[in-house]
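> Chains as they are written, first to last, in the numbering used here: chain B, 1 to 335; chain W, 336 to 975.
I should point out that these hints are in silico values taken from the structure, not numbers from a laboratory.
Here the structure is a predicted model, which means the values were calculated and not measured.
There's no promise every hint is true.
[As the list claims (entries may be wrong)] List time: in silico DSS-like cross-link candidates among lysine-lysine, alpha-carbon distance up to 30 Å:
| id | chain 1 | residue 1 | chain 2 | residue 2 |
| --- | --- | --- | --- | --- |
| 1 | W | K362 | W | K574 |
| 2 | W | K574 | W | K435 |
| 3 | W | K481 | B | K56 |
| 4 | B | K56 | W | K832 |
| 5 | W | K481 | W | K518 |
| 6 | W | K424 | W | K362 |
| 7 | W | K424 | B | K56 |
| 8 | B | K75 | W | K806 |
[Said to hold, decoys possible] Just a sample of chain W residues kept apart from chain B, beta carbon distances all over 12 Å, derived:
| id | residue |
| --- | --- |
| 9 | P432 |
| 10 | R531 |
| 11 | K784 |
| 12 | Q881 |
| 13 | Q895 |
Glycine included, each C-beta is placed from N, C-alpha and C at the ideal position.
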Amino acid sequence: MIQLITRRLLLLPIVLLVIYTLTLFLAWQIPGSPLDNPEGRQPPAEVQAAMEAQYKLDNFGTFYWSYLDNACGTKWLRETITGEAAANAQAAVAAGRPVPIRRVFDLGPSLQYEDWKVNEIIASSLPVSIVLGGAAVLWAVMVGVLAGVVGAVRPGSLADLGTLLVALIGISLPNFVVGTVLLLIGPVLLGIGTIGSWGAISDVIWPSLTLSMPFAAYIARLTRLGMIEVLGTDYIRTARAKGVSPRGVVLRHALKNAFLPVLSYLGPAAAMAMTGSFVVERVFNVPGIGKHFVNAVLNKDLFLIIGVVMVFATMLIIFNLIVDVLYRWVDPRIV
Amino acid sequence: MWKLLIPVLLVAAGLMLAVVADKPAPKADLVVINRGDINTLDVQRMTWMQDLRVGVTLYEGLVVSDVFTWGFDKKPGMAERWEVDADKKSWTFHIRPDAKWSNGEALTARDFVYSWRRALLPDLVGDYINFFTLIEGGQEFYDWRKEAIRTFSAESDGRPRPAEAQALWRETLAKFDEMVNLKAVDDRTLKVRLVRPVAFWLDIVAFEVLSPVYGPLVDKYQFVDPITGRLNFESEWTKPPLLVSNGKFKLTEWRFKRDMRVERNEHYWNQAAINVDSIAFPSVEDPNAQVLTFQTGNIDLLTDVVPDYRAELLARKRAFYRENQAKYDELRALGLDPVAIDRQLPPDPRKNIHTFPGFGTYWYNFNCLPTLTDGRANPFADPRVRRAFVMAIDRQNIVDNIRRTGESVAYTIIPPGSLDGYTSPKGIRYDPVAAKALLIEAGYPDPSKFPTVEVLFNRDGGHDLIAQAVKRDWEQNLGVPVRLDQKEIKVFRNDLKNQNFMIGRAGWFGDYGDPATFLDLNQSRDGNNDRKYSSPVFDQLLVDAQNEQDPAKRLAILTQAEALLVDEDCPLIPIFHYNLVMMFNPDTLSGVSPHPRQKQHFYRLDKLGDGKGAEEALQLPARVAPAGSRGLQAVPGGGK
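Here chain W stands alone, though its shape is the one from the complex (with noise of 0.2 Å):
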């Protein structure tokens, strides 16, 4: 009997070692779920949300975002000044002489040309190459780039030709001097030059992607290939201890699935702007542990709350606003936004769940072009007949009675309130009797002959019911046939993508302050232009407004251009606009922004009450919300 105790004793001990070896880390100052796990940390290749949430607290572009103004004013980052030519084109920017990375060694302007060559070669497949071909020769670098890949990997023909493929990088790297309008003229001063005056550049030299990486280490992570020519691109520099960069924090921990750490960069200039010494950001993937790991008081943010009970949740929310609706309503008035409201509220559990409008919006696509892939005819090829569509769905029922997640009715693409300075227009309200009449109009006086309307979404995300409503919709108010057609997400996004869809689920998030970031993808040659809607006007509007040199036309023309698609083409049916539903004690933290562009700085991030950091509750500028506007929607829920 012993003899089989003895392996028994000696798994237990071996465990206890195991365990015993893999020690926690201390308690960070602040605790973060950030949705979903970091896909990268190489700064020139993010895409996600979260990736940029982390990839902010790492990185500082030349210009950062202030996310607790209604404009994002752009405050000095990495330069400590800059200026614009007469032309809108040539921009200079001062890089600031305590610039320096996380490992003591000084940034200069070089860093950026290297970051932002590195962003343009097609050999990095970086999501945001759009950017960076805004500047003078960009594009032609890029293109050139691609064609010296693949002639010399024909010549290669699967043969390593290692001193050629040297050779060609070299070459490459002369081609971008020769070519690309960015020059660092010294240390302190970078010089860009656009190839067209770009209202938004600020916005978009503030974004994530933009901001520099640590050349002499990634460049040791970056081999040519003796076959291709390519650069392979490795990725061990983006986990502690090597990864340097030039942010707020540097990074101190990172383990795959588990959890990630970052520290205050003592090499930072502005330390009086770091206002706690540690995030910790644990990666939990379970949505019900999530919320339980926030009410036993293990995290301060939980960013995002997607559990079904979260309409649950947030109905309590309304119940202690209903409980407090006087001192609410005069808050309200004044102004405030929802977590400054909050905040006044007497403290009550309850009001730890908050909404806030997100840069994004829900909705369907309907297929333009003339036939569909299997050659019928496409009925929604004629805006009319869209139109009626449009006008046949009850979307506010969805909001209320299918989401009941306070998300709030969509009439365009572009959230309302989210851009200052821009107006949204109208948009087509929902009316089932001009709808019908519009489609009879459209040559369809008995809608029961109209051809099937296939509804093409993905599964899981909820997304069933909504297409359920949308087809109860249809079918009552139009008359016309409906099949749902439920698909999983890679062959939905490939259908999409090919066309083979009459009107399929979709959803877009901004990404930078301009209305450029969602009326692009309307355009006839637009890579993300699935609908294949091509309007010789839309396209013509898109073009004027970039060669409109003052602020306040350009945007006017932008909301002609989008009343085009909303009003009068609708090549997409918005359904509602994304809002996020996160977890925080208003009273003991700040920094989370409720600005509807929702971007998150978690630098901004403040205990209040720890004794470090500015510890004053940020708040966005008092700003009366007019009715029905979505910018301050601080009961969640809407109406009911």
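Extracted from the complex, chain B is given alone in its bound form (with noise of 0.2 Å):
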């Protein structure tokens, strides 16, 4: 196990190093300068030149280099140990002047939100978009599981079709119809929650639930074959010989094994959910991450887009991680 963990982490700087050099390329691709302003007005030729310069926006190699330097902390390291730091501020207090700030892992600035850095950003959004995905997986988790086993027990019976139906309708239906049809009965027609703000118990409520609809359905299923599959073997007969009730069958042996794959499901589904919410957090308007995604590559606000990506494959890759552990304490047997 601490194996397993150890070189998962191992590897994870690697996988973040090709992820970070593909999203850059691509990135840096979308036409049109970052620090443009779609609202029009231009800032002088030779200020744009100045920030350009000062971003290292004006050539890939040397943008892709001080990225990494900034963001991995090497930067900081660097200047600490050279005493480059140490004579800036000496400088800096001899001629009256504040000393200047430094972050040791330094995301950039948003060049569309001048006020934000980065870091600031992410860390007020990803708590927001962990607790709406992890409600919503939570959904998912408990409505999946229940209809799966109600359809595995007695397959082609009217409780099985139904759950059928409901899990078909909550894969197709788009999340953004699903969510203005649960926004128009909570809100407005119950008056349970609110429309437009965040932060209550019951403003979780709608956004995660209309978040977990595909999760949910997508869980269904899997626990469904997996339960008939495993209500079918050889060990579920002999318990049912040895005359263990049916909830016992159901819930202690077979449960247990065709949870399984809904485990091995969790773990992406859980990164998405988290990062994924774009189109739920803008009709509930959820103050989460999953916006930035998108407006951030509208804007080509390079910085931002790098950061949003880098936090969704580290989870991707932390939650796997958690998944695979998880696996191995429901059932020791896998390696």
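Now that you have both chains on their own, put them together as the hints suggest.
So this is what it looks like as structure tokens:
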């Protein structure tokens, strides 16, 4: 187990480096300058050039390395060791100027929202997305497993067809339709939760329910398939023959094994729910990270694009690791 | 099985905790959804309308425009009085003795010198640098600093030189004092000398970007870069609780793309002018959700209504007016502003939507260069051809049947009625027969042989619908072949900048209350002259206007200049004047200005009936609009 974790964690930076290179390469191809103001007014040419130089936007190679240097903390480390930082601070103090702020891991500024650093943007929006995505996964597991079990116990029954239908709707209806309908039912009709705010428990219900739909549907089908297969195996027949109650068979014996495919799906599902909620965030006005994926690309906000992509990649890798660990914990036979 | 439940329960408990810890703030006195997200609260760097609207609640300049007067009358702000010398160039502003920052510190003339100096630095990349270079020596200082940074950077060659960089900064400060004619004579007297008499100088002084920032705080976040010598600006200080400002409100909350909250500034000199204790600005991105939020009563004002169905909402309001036609006509004859009229009509949710004429115009640019970027001859270099194309567009049709949101047809660049004392020229009307004749006269007897006209516009925003209408008009009325060229915004912008177009969509919002804010764009050397229109006559008229001391004569010259643009040379085709569609209940909210210059000062907002503030419904002085003017367009949606 420890070995698995160490190996994965050692691989993490390499995978991230590859993703970073690809992302930057693609983002660099977006036409137009990241410093353009879409409202039409342009800074003077020499100012634009100076800014491009400051952010190293004039050259792909320089940008590539300087971003890595800032984001990984090597610049901070180097400046500390060589005494460059100290010299700079000393000069500032001597001149009566403030000592420059230094960040260990600096993901750069947002080029669109000048007052915000990418660090700050991620720090404020990621927790929101984790809460929303976590709640959605919770819904998805509860609803999905329940529906799957009900369907599998009596295949072909009305209950089975019903859950199949609901699952089908959940998977095929796009989020913005489900979201808008739930928005009208929840806050507008029932008065539970508010539109355009975030913070109360009631604000989480509707967006997380919307977000959970496709996941729940998929989990329901996975559980049903797994259950049907497991319920036909010898050991279940043995358990039944021993006189274990039907409920005991389903919950204690069958579900445990049928849940394994669901578990392996949960890793990417959790990462996806926590970062890929652009539509839901927009409909319910949730201040999460999903919107930055799309907006950053539209604005060619280079630092923000890389920042959110790296966050997503890291989460994906970590969730997969967690799932693998859980897997072994649930079923110690798996190596 | 229970083993499986443990993680689930853990996650659930964690979520609960996270949500409980994240408590929303108590409801504010006023809740406003302000167009888009705030880009910056650094007042010297503001450009966007939504930023400026919040800026004016947090900061206050020397003088303040009264948005409920027709001429945007100037009222004392941080300056209690001011005077100008006989040469109309030297201004003296007297700071009021009770001027304070939101932390209680006294505000002095030196704070203005600090802030305006900051704005004059090329390092800051302010969009409104042109306002500050009106100060004597400003341009020279800007150029000197630019050059100094360039040299320093070159000499460094990537090597950090912290001590030298600091020395350069000290030199810059000394240079500013030496070169720029902006002086704090004492704590309460600010003297500024301009390069020339500027008729609209007070309007510029009232502009948000000329408000002061709190130096002792801001300076802690400005660092001298040891390699380039530039000043690097960090913006931690624009967030609460750090931000110190001098306006009617202070910032108490700002979370990125989430919410912002301002509260009464107890140190502001005129407490009586503050109508509410707090204003919240939640960030709601989805246009649909914005309207729903208003309709469910969670907000008091939605500043920009953008969903497609707003045309239907406006149609409902027209129906409401029709039901009250007699009363409506009577109020309109009194010259009341549209909100004042609404207030006198019976309560009805249909009246909560409002359209106000905006201080901006939507137009099409002609590329006026003799050749196109690909080397082809440009047929639009000939003003006769341009005029024919202007004449051939049925703009009333575009406004009535395509936009359907109550804009008025534009025949001029400057929205008529928006500038007190300015007479707009007539402009060219729709006349397909004359258009065709003019095209033949210009040397195109067979219009089908005319080079294919390429119309460049950007995706989204309904530009495609307008382009289609224009294409149809030109094809039917002139018989020329037309091709539509839709591009992504960044590419579109790039093409416009580099004259890589024949005809391109454009638009502009005015910055200050003078025709120059629109006309300057057409000067030969202006950076925003994408058309590359170049007319010595026009340039000379603008210079003449600058030199004219008599305000009425000056405006007459500018009318002449605009007439040259819209009646004769036609470097652009005005299509419609923008308007703003807002939602608020006029019976419970006052302070939204219907003035055609569309500047909103949120601190004027007052919730009627809450017992706080002045509790009077603000309105523009009654003025009966001449027939056909757009000043008071009370029936949204135009004629149909």
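> A cut-off of 12 Å on Cβ-Cβ distance, and K784 of chain W was said to be off the interface with chain B. Does that hold?
34 Å, holds
> Are the Cα positions of K424 of chain W and K56 of chain B separated by 30 Å at most?
42 Å, violated
> Regarding the pair K574 of chain W and K435 of chain W, is the alpha-carbon distance no greater than 30 Å?
OK: K574 of chain W and K435 of chain W at ~20 Å, within 30 Å.
> For the pair supplied as a hint, K362 of chain W and K574 of chain W, is the alpha-carbon distance within the 30 Å limit?
With Cα atoms ~20 Å apart, K362 of chain W and K574 of chain W stay inside 30 Å; holds.
> Would the non-interface assignment of P432 of chain W survive a Cβ cutoff of 12 Å against chain B?
29 Å, holds
> Taking the minimum C-beta separation from Q895 of chain W to chain B, is that value above 12 Å?
27 Å, holds
> Against chain B, does Q881 of chain W hold up as non-interface, every C-beta pair farther apart than 12 Å?
Given a closest Cβ separation of 21 Å, the condition holds.
> For the pair we were handed, K56 of chain B and K832 of chain W, check the Cα-Cα distance against 30 Å.
Between K56 of chain B and K832 of chain W the Cα gap is close to 23 Å, so the pair holds against 30 Å.
> Is the Cβ of R531 of chain W farther than 12 Å from every Cβ of chain B?
21 Å, holds
> Hinted pair, alpha-carbon criterion (30 Å max): K481 of chain W, K56 of chain B. Please report holds or violated.
Satisfied, since the Cα-Cα distance of roughly 19 Å is no more than 30 Å.
> Starting from K75 of chain B, check that the Cα of K806 of chain W is at most 30 Å away, please.
Not OK: K75 of chain B and K806 of chain W at ~56 Å, beyond 30 Å, violated.
> Are K481 of chain W and K518 of chain W close enough, with their CA atoms no more than 30 Å apart?
22 Å, holds
Hint compliance for this structure: hints 6, 7, 8 are broken, all remaining hints hold.
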